[in-house]
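What follows is the residue order along each chain.
Protein chains: 2
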Amino acid sequence: MTEKVYGGIETGGTKFVCAVGTTPDNLIKTQFTTTTPDESIKKAIDFFKNNTRHKQLSAIGIASFGPLDLDKNSPTYGYITTTPKDSWSDISIVEKIHSRLNVPVVIDTDVNGAALGEQVWGAARGLDIFIYLTVGTGIGGGGMVNSRLMHGLLHPEMGHIRIPHDWQRDPYRGCCPYHGDCLEGLASGKAMELRWGQSPEKLPSNHPAWELEAGYLASAISNLIYTISPQRIIIGGGLMKNPDLMSAIHRKVVKDLKGYIRSEAITESIDRYIVAPALGDLAGVVGALELAKRINQEI
Amino acid sequence: MTEKVYGGIETGGTKFVCAVGTTPDNLIKTQFTTTTPDESIKKAIDFFKNNTRHKQLSAIGIASFGPLDLDKNSPTYGYITTTPKDSWSDISIVEKIHSRLNVPVVIDTDVNGAALGEQVWGAARGLDIFIYLTVGTGIGGGGMVNSRLMHGLLHPEMGHIRIPHDWQRDPYRGCCPYHGDCLEGLASGKAMELRWGQSPEKLPSNHPAWELEAGYLASAISNLIYTISPQRIIIGGGLMKNPDLMSAIHRKVVKDLKGYIRSEAITESIDRYIVAPALGDLAGVVGALELAKRINQEI
Numbered sequence: 005m006t007e008k009v010y011g012g013i014e015t016g017g018t019k020f021v022c023a024v025g026t027t028p029d030n031l032i033k034t035q036f037t038t039t040t041p042d043e044s045i046k047k048a049i050d051f052f053k054n055n056t057r058h059k060q061l062s063a064i065g066i067a068s069f070g071p072l073d074l075d076k077n078s079p080t081y082g083y084i085t086t087t088p089k090d091s092w093s094d095i096s097i098v099e100k101i102h103s104r105l106n107v108p109v110v111i112d113t114d115v116n117g118a119a120l121g122e123q124v125w126g127a128a129r130g131l132d133i134f135i136y137l138t139v140g141t142g143i144g145g146g147g148m149v150n151s152r153l154m155h156g157l158l159h160p161e162m163g164h165i166r167i168p169h170d171w172q173r174d175p176y177r178g179c180c181p182y183h184g185d186c187l188e189g190l191a192s193g194k195a196m197e198l199r200w201g202q203s204p205e206k207l208p209s210n211h212p213a214w215e216l217e218a219g220y221l222a223s224a225i226s227n228l229i230y231t232i233s234p235q236r237i238i239i240g241g242g243l244m245k246n247p248d249l250m251s252a253i254h255r256k257v258v259k260d261l262k263g264y265i266r267s268e269a270i271t272e273s274i275d276r277y278i279v280a281p282a283l284g285d286l287a288g289v290v291g292a293l294e295l296a297k298r299i300n301q302e303i
Numbered sequence: 005m006t007e008k009v010y011g012g013i014e015t016g017g018t019k020f021v022c023a024v025g026t027t028p029d030n031l032i033k034t035q036f037t038t039t040t041p042d043e044s045i046k047k048a049i050d051f052f053k054n055n056t057r058h059k060q061l062s063a064i065g066i067a068s069f070g071p072l073d074l075d076k077n078s079p080t081y082g083y084i085t086t087t088p089k090d091s092w093s094d095i096s097i098v099e100k101i102h103s104r105l106n107v108p109v110v111i112d113t114d115v116n117g118a119a120l121g122e123q124v125w126g127a128a129r130g131l132d133i134f135i136y137l138t139v140g141t142g143i144g145g146g147g148m149v150n151s152r153l154m155h156g157l158l159h160p161e162m163g164h165i166r167i168p169h170d171w172q173r174d175p176y177r178g179c180c181p182y183h184g185d186c187l188e189g190l191a192s193g194k195a196m197e198l199r200w201g202q203s204p205e206k207l208p209s210n211h212p213a214w215e216l217e218a219g220y221l222a223s224a225i226s227n228l229i230y231t232i233s234p235q236r237i238i239i240g241g242g243l244m245k246n247p248d249l250m251s252a253i254h255r256k257v258v259k260d261l262k263g264y265i266r267s268e269a270i271t272e273s274i275d276r277y278i279v280a281p282a283l284g285d286l287a288g289v290v291g292a293l294e295l296a297k298r299i300n301q302e303i
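Protein sequences, first through last, are from chains V and G. If you're matching positions, the first sequence starts at 5 in the working numbering and goes up one per residue. If you're matching positions, the second sequence starts at 5 in the working numbering and goes up one per residue.
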């Protein structure tokens with residue numbers, strides 16, 4: 005009998021990750037740099053064609069940067085919409101892949117994809133309300149409430165909340181083309197690079213950049229705790245490769261909350277409350293694969 | 005046959021509202037000033053005893069200020085916990101009412117109660133994801149996601165998010181005893197009174213207080229839109245009695261979002277997106293009654 009497999013694509017601002025398989029232990033995967041929509045999507049399609057010979061590719065899930073149109077009744081369902089990313093605005097990514105591979109295609113945000121991956125296979129197993137944040141070139145957030153992915157009128161865009169801007173220590177105006185000094189404008193990798201004139205990986209761990217970064221992220225995380233009251237917060241993304249950043253966030257979140265939220269999960273074990281993704285960089289593509297497996301369910 | 009009725013209590017920082025009945029059209033109600041826990045709870049119990057003779061009081065729902073312990077497995081379930089309100093910390097309101105009336109008692113936050121009331125009878129009918137904010141002496145927020153009330157690790161405490169403090173126009177440091185200039189610290193009725201030296205009802209509608217107030221609330225509302233992506237936001241509470249405040253909020257939210265959220269619900273009809281409670285001041289107590297009616301359901 006032909007082996008039944010699923011496809012997952014994580015489309016990121018800097019790279020595409022594609023995988024074919026059924027579980028994290030049974031995956032063929034590849035990744036490549038995101039370029040133009042046509043070129044990047046063609047590479048993805050070639051990967052799926054080359055790796056599903058003699059197999060039945062049942063569906064493809066996409067976990068994508070956005071904003072996305074996720075309204076199935078909309079004429080632009082499955083489009084990437086107002087992204088500031090060059091040439092990716094108003095791209096019908098679902099249709100482009102569906103028309104070339106002729107299998108059902110489902111899409112959600114990159115962070116919702118990663119959240120689903122972590123709930124099934126990673127750091128959010130057994131939880132029904134949690135947040136997944138990514139802090140890299142950009143900042144995004146998604147998650148689950150009542151064990152279902154967060155959607156709504158559109159979908160969360162947590163990277164664009166506003167937090168207090170520490171003008172005294174940080175005269176940088178912020179880099180969000182829409183909002184200037186929203187969270188992404190102040191605390192994304194791009195903001196760090198523009199503020200300090202070098203890429204974040206090159207900033208030594210005792211550079212004041214990291215204290216400032218941890219402060220902004222802690223402010224945002226406190227807001228998310230007050231707004232959603234999650235059972236856990238998972239933070240992935242390139243900037244979190246700096247191990248000191250996570251512990252600075254732990255300290256600052258507890259400090260910012262000032263004991264108002266009386267929960268031992270926060271006051272006694274913050275290091276198990278705010279955690280890295282257990283699937284690491286694979287959370288997104290594994291989640292995309294899960295989206296494909298559940299294409300006929302409401303999640 | 006004995007008429008079957010339910011009881012609802014909205015416990016607010018300034019007043020208690022109690023009702024007996026089955027629907028908003030079939031209610032006996034009363035209200036009185038909140039004083040000490042013992043005295044206020046006794047008045048509520050007397051009201052229910054006096055108004056349920058020859059009737060079957062099936063359950064009581066409480067929509068209360070908080071923070072509350074809503075974890076049914078906790079030894080302090082049904083307690084008001086870390087409130088800064090005099091003498092109301094660590095009060096077991098559920099147990100005090102249950103032991104005197106001997107009927108099942110259920111509790112949720114005042115704003116979740118009001119949200120439920122609005123979903124069943126008011127401005128959120130047919131919606132499955134929306135927010136209910138109250139802006140009065142304090143600020144609180146709750147709502148529904150996937151048609152279920154927002155809970156989580158504890159419950160939302162949206163009044164305590166942080167937003168940019170407009171130091172240039174507003175040197176006032178904020179009045180939250182925990183956080184200083186969080187949303188409640190900057191934009192509650194108490195903050196207005198302390199900042200301007202008179203109660204908000206006495207500030208004329210062309211006073212700069214209202215522009216500042218609208219700006220802070222719009223900032224918070226934008227954050228809620230980015231975080232939860234609700235289909236609608238309902239705002240009740242004493243400060244919203246000023247009709248100009250709502251229209252200033254409408255203008256400022258659209259301006260703050262800068263076209264990033266591409267939804268006609270926001271860009272074309274903000275006055276139907278951010279609205280007053282259709283039940284007015286009764287949202288909370290009607291919601292409390294609904295909590296009682298659904299005491300055996302997960303909501």
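You may find that some hints are simply not true.
Pairs count within a copy or across copies, as identical chains cannot be separated in the list.
[What the hints assert, rightly or not] Computed list of lysine to aspartate or glutamate pairs in DMTMM-like fashion (alpha-carbon distance at most 20 Å, straight line): (1) K194 / D170; (2) K245 / E197; (3) K53 / D94; (4) K76 / D94; (5) K76 / E268; (6) K262 / D94; (7) K76 / E215; (8) K19 / D285; (9) K47 / D75; (10) K194 / D174; (11) K33 / E197; (12) K297 / D248; (13) K76 / D132; (14) K259 / E302; (15) K59 / D248; (16) K194 / E215; (17) K19 / D42; (18) K206 / E99; (19) K259 / D248.
FYI, nobody ran anything at the bench for these hints, they're computed from the structure.
How the hints compare with the structure:
no. : hint        : verdict
1   : K194 / D170 : within (18 Å within a copy, 26 Å between copies)
2   : K245 / E197 : within (16 Å within a copy, 46 Å between copies)
3   : K53 / D94   : neither (26 Å within a copy, 63 Å between copies)
4   : K76 / D94   : within (16 Å within a copy, 47 Å between copies)
5   : K76 / E268  : between (41 Å within a copy, 16 Å between copies)
6   : K262 / D94  : between (44 Å within a copy, 18 Å between copies)
7   : K76 / E215  : neither (42 Å within a copy, 39 Å between copies)
8   : K19 / D285  : within (11 Å within a copy, 52 Å between copies)
9   : K47 / D75   : neither (27 Å within a copy, 50 Å between copies)
10  : K194 / D174 : within (15 Å within a copy, 31 Å between copies)
11  : K33 / E197  : neither (30 Å within a copy, 61 Å between copies)
12  : K297 / D248 : neither (37 Å within a copy, 51 Å between copies)
13  : K76 / D132  : between (25 Å within a copy, 16 Å between copies)
14  : K259 / E302 : neither (38 Å within a copy, 34 Å between copies)
15  : K59 / D248  : neither (44 Å within a copy, 64 Å between copies)
16  : K194 / E215 : within (17 Å within a copy, 33 Å between copies)
17  : K19 / D42   : within (14 Å within a copy, 62 Å between copies)
18  : K206 / E99  : neither (40 Å within a copy, 58 Å between copies)
19  : K259 / D248 : within (17 Å within a copy, 37 Å between copies)
Of the numbered hints given earlier, the model fails hints 3, 7, 9, 11, 12, 14, 15, 18; all others are met.
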